[in-house]
Amino acid sequence: MFYREAGQFKASYKEDQAILPISQDRVGLILILIFGFFAIPLFASDYWLTAILIPFLVFSLAALGLNLLTGYAGQLSLGTAAFMAVGAFAAYNFELRVPQMPILISFIMSGITAAAVGIAFGIPSLRIRGFYLAVATLAAQFFIPWLLVKVGWFTNYSSSGVITTQPVTIFGFIFDSPSRRYLLVLSIVVILALVAKNLVRSNLGRAWMAVRDMDVAAEVIGISIVRTKLIAFGVSSFYCGVAGALYAYAYLGSVEPDGFNLDLSFRILFMVIIGGIGSIMGSFLGAAFITLLPIFLDIFINEAAAILGLKLAAGITSVIQLLVFGGLIIFFLIVEPLGLARLWQITKEKLRLWPFPH
Amino acid sequence: MKLTTILLALTLSFFLASCGDSPDGGGPEAVDTQFFGVTGYRVGPYGPSGAPIASGYIDYLRLLNERDGGINGVPVSWEECETEYNTAKGLECYERLKTRNKNGPTAIHPMSTGITYGLIDKAPIDKIPLITLGYGRTDASDGRVFPWVFPLMTNYWSQASAIVRFIAQKEGGLSKLNGRKIVLLYHDSAYGKEPHGILEKESENLGFSLVKIPVPHPGNEQQSQWMRIKKEQPDWVILWGWGVMSGTSIKTAKKIGFPREKMVGNWWSGAEVDTLAAGPSASTGYYAASMNLSGDHFAVVKEIRKYVYETGKGDDESYIGTVLWNRGVVQAMLTAEAVRLAQTKYGATSMTGAQVRWGIENLELTQSKLDSLGFGDMVPPIKVSCENHEGPGLVRFQQWDGVKWVAASDWIVGDKQLVRTMVEESAANYAREKNLTPACLDR
Numbered sequence: 001m002f003y004r005e006a007g008q009f010k011a012s013y014k015e016d017q018a019i020l021p022i023s024q025d026r027v028g029l030i031l032i033l034i035f036g037f038f039a040i041p042l043f044a045s046d047y048w049l050t051a052i053l054i055p056f057l058v059f060s061l062a063a064l065g066l067n068l069l070t071g072y073a074g075q076l077s078l079g080t081a082a083f084m085a086v087g088a089f090a091a092y093n094f095e096l097r098v099p100q101m102p103i104l105i106s107f108i109m110s111g112i113t114a115a116a117v118g119i120a121f122g123i124p125s126l127r128i129r130g131f132y133l134a135v136a137t138l139a140a141q142f143f144i145p146w147l148l149v150k151v152g153w154f155t156n157y158s159s160s161g162v163i164t165t166q167p168v169t170i171f172g173f174i175f176d177s178p179s180r181r182y183l184l185v186l187s188i189v190v191i192l193a194l195v196a197k198n199l200v201r202s203n204l205g206r207a208w209m210a211v212r213d214m215d216v217a218a219e220v221i222g223i224s225i226v227r228t229k230l231i232a233f234g235v236s237s238f239y240c241g242v243a244g245a246l247y248a249y250a251y252l253g254s255v256e257p258d259g260f261n262l263d264l265s266f267r268i269l270f271m272v273i274i275g276g277i278g279s280i281m282g283s284f285l286g287a288a289f290i291t292l293l294p295i296f297l298d299i300f301i302n303e304a305a306a307i308l309g310l311k312l313a314a315g316i317t318s319v320i321q322l323l324v325f326g327g328l329i330i331f332f333l334i335v336e337p338l339g340l341a342r343l344w345q346i347t348k349e350k351l352r353l354w355p356f357p358h
Numbered sequence: 359m360k361l362t363t364i365l366l367a368l369t370l371s372f373f374l375a376s377c378g379d380s381p382d383g384g385g386p387e388a389v390d391t392q393f394f395g396v397t398g399y400r401v402g403p404y405g406p407s408g409a410p411i412a413s414g415y416i417d418y419l420r421l422l423n424e425r426d427g428g429i430n431g432v433p434v435s436w437e438e439c440e441t442e443y444n445t446a447k448g449l450e451c452y453e454r455l456k457t458r459n460k461n462g463p464t465a466i467h468p469m470s471t472g473i474t475y476g477l478i479d480k481a482p483i484d485k486i487p488l489i490t491l492g493y494g495r496t497d498a499s500d501g502r503v504f505p506w507v508f509p510l511m512t513n514y515w516s517q518a519s520a521i522v523r524f525i526a527q528k529e530g531g532l533s534k535l536n537g538r539k540i541v542l543l544y545h546d547s548a549y550g551k552e553p554h555g556i557l558e559k560e561s562e563n564l565g566f567s568l569v570k571i572p573v574p575h576p577g578n579e580q581q582s583q584w585m586r587i588k589k590e591q592p593d594w595v596i597l598w599g600w601g602v603m604s605g606t607s608i609k610t611a612k613k614i615g616f617p618r619e620k621m622v623g624n625w626w627s628g629a630e631v632d633t634l635a636a637g638p639s640a641s642t643g644y645y646a647a648s649m650n651l652s653g654d655h656f657a658v659v660k661e662i663r664k665y666v667y668e669t670g671k672g673d674d675e676s677y678i679g680t681v682l683w684n685r686g687v688v689q690a691m692l693t694a695e696a697v698r699l700a701q702t703k704y705g706a707t708s709m710t711g712a713q714v715r716w717g718i719e720n721l722e723l724t725q726s727k728l729d730s731l732g733f734g735d736m737v738p739p740i741k742v743s744c745e746n747h748e749g750p751g752l753v754r755f756q757q758w759d760g761v762k763w764v765a766a767s768d769w770i771v772g773d774k775q776l777v778r779t780m781v782e783e784s785a786a787n788y789a790r791e792k793n794l795t796p797a798c799l800d801r
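In the order they appear, the protein sequences are chains A and B.
Be aware that the first sequence starts at 1, since it is given in our numbering, and climbs by one per residue.
Be aware that the second sequence starts at 359, since it is given in our numbering, and climbs by one per residue.
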């Protein structure tokens, strides 16, 4: 009834090619942004901001990066956490070694450094694909954290290999409280998501999809495979690098190379798979599912046990939580293999017809 | 699709239910209690090491309630949060436990170096003291730079130095170390690199040669490392292992025929889980450092058995008296004693984080005090001060006799001067990096 495009006429190409052609979508997005930028910082507690919303946004960005590579360009990568590590340590070293370095420039430089490393590790993709490429990107996953531990310079010779991030200051404004850090992360994520959305609608995005769907055909119609694949690795790693820098600077405050392990790469890959391969929206949905659900389950199981008067043995809650979480992942993959983004799409289609389906 | 709808509705409803309840759901708020936030890990790859510690910690809190009705009449309450040894999860736990009580979580034992580093900057803002017993940031021993962090008992550098002293004792004096060869077999991670600096200095000072051999994580295959050890023919092997690595080292040592009596583990490779993993007989003779003795003959352990386990309130009886369970008990005792001390200054009610911090900083447990608490010689007497957040820096060595750990030395202190110099240097670097002026908080 409310969600339909009848009567919205496109009078120009510009209108026709808008990101959100339906005005309800535009209003919805603006409302979400207003909520995110104004309501949440005003009303959310520190726990919500630091433990739930900031990691959700950071992981969304990382998942978005991987989605560009895996979902749009079709190159499977298991090195996401490594590229995040490059971003985090690059930002730290730029801040440390370049005097008066503005933090935003450091974040951009960390993305560029990660992009360079990503392109280097993307070279094998020119020859191999699929699972074999995944194995090749595993090399990045093991090599980079090892290098960061091995070479003391990267961690400024910290005896334990842990780096503590510098304070985040932009034009004299210190981002120290949770709500300020949240706003910083939100702004960066919104801007980069917008860029990503436009990238995949552009010439480059179509080239990625062409390579994903059939690289021989793409080459025949004049798309340079080398360029397209390497740019995909570069752009994806840029996003992961910035996500890594935010992970260190806005979320944890201190990171160690071992924190960026294969486990983290898998988590981000699962976000992409569960959220929806080849969907910007899906990256956010997947990140929400993977980061938030365990926390809610954990709290919920404890609360439920308390209400029911059960005394759960210590550690059992975590096991139940893992079981339920694993079960839900399998359930969602069976019911909707295309991910949560597809579920959202179906909902939208149904909404168009509601309340009078055929 | 029907099923999906039901599931979505269910998911949504319990999302809402849990959001509504979460922030202040915790323990009973009506009674004034001293709330202990417990972060530990019982699942995941390091779960077997984490579970006894968390159980010991909570068992001592239970004892306080059952035997004494709390601390000076203030009942003790607690909530455990599972970190899985994962930094991100640990931070979430910290934020969650912080909201559970008006006074906060008393003091946090992060139980992981990664989580400790993540919390060091947060603790002063939230006014929650961190106690890191035998892990975390070594230079936090300088309390003027890290007023809120307490690596009580001993730190990694004191331990490494004490291990060298112990080896010297076995060799017949410090001078006998000259010309000897010691291999450091370490977990190739930030944790494993922690003792490098101090051992290098010690090897320069004492004239032994140091060979460092890394074992990549997780360390369940060490054939090549031990072949190299066989080639090097060291006099001693120092084992700086963690998790599955420690047991594998002992097992491989047996396989290539390296005497276990010449192996000294650090305190994270010296628990029952490690020796039993290698096989009880394969580990016979193996030494390990510890900051607390194992065994169930201590009065406090007997009381926990009586008040907690015999009334059916305990966790897992098989943990009692093990190295790690005892360590959990010690952690709880130190925290509770800090609360008790703070109460003498601020009154017998529940204490805030800042008050507990004062309690820890001024904590002094003499031998007679330890005896009256039932700890005897499980831990050495400890005295904390603003300058020295570490305390005695004493390490005791235990030897696996095939069935259990037995004490194999007295309390040994390392090169205190050297450790202190390195600590102050490193802490001063940190202060410079962070623009801090080192100072004592309220005396």
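Quick caveat, the hints were computed from the structure, so don't treat them as lab data.
One or more of the hints may lead you astray.
Stated by the list, open to error - Below, in silico cross-link-like pairs of lysine-lysine (DSS-like), each with a Cα-Cα straight-line distance of 25 Å or less:
1) B:K460 <-> B:K703
2) B:K609 <-> B:K528
3) B:K539 <-> B:K559
4) A:K311 <-> B:K456
5) B:K570 <-> B:K774
6) B:K570 <-> B:K528
7) A:K150 <-> B:K570
8) B:K559 <-> A:K150
9) B:K703 <-> A:K311
10) A:K10 <-> A:K311
11) A:K311 <-> B:K671
12) B:K456 <-> A:K150
**Asked** For which of the previously enumerated hints does the structure constitute a violation, in increasing order of number?
**Response** As far as the earlier hints go, 9, 10 and 12 are violated by this structure, in ascending order.
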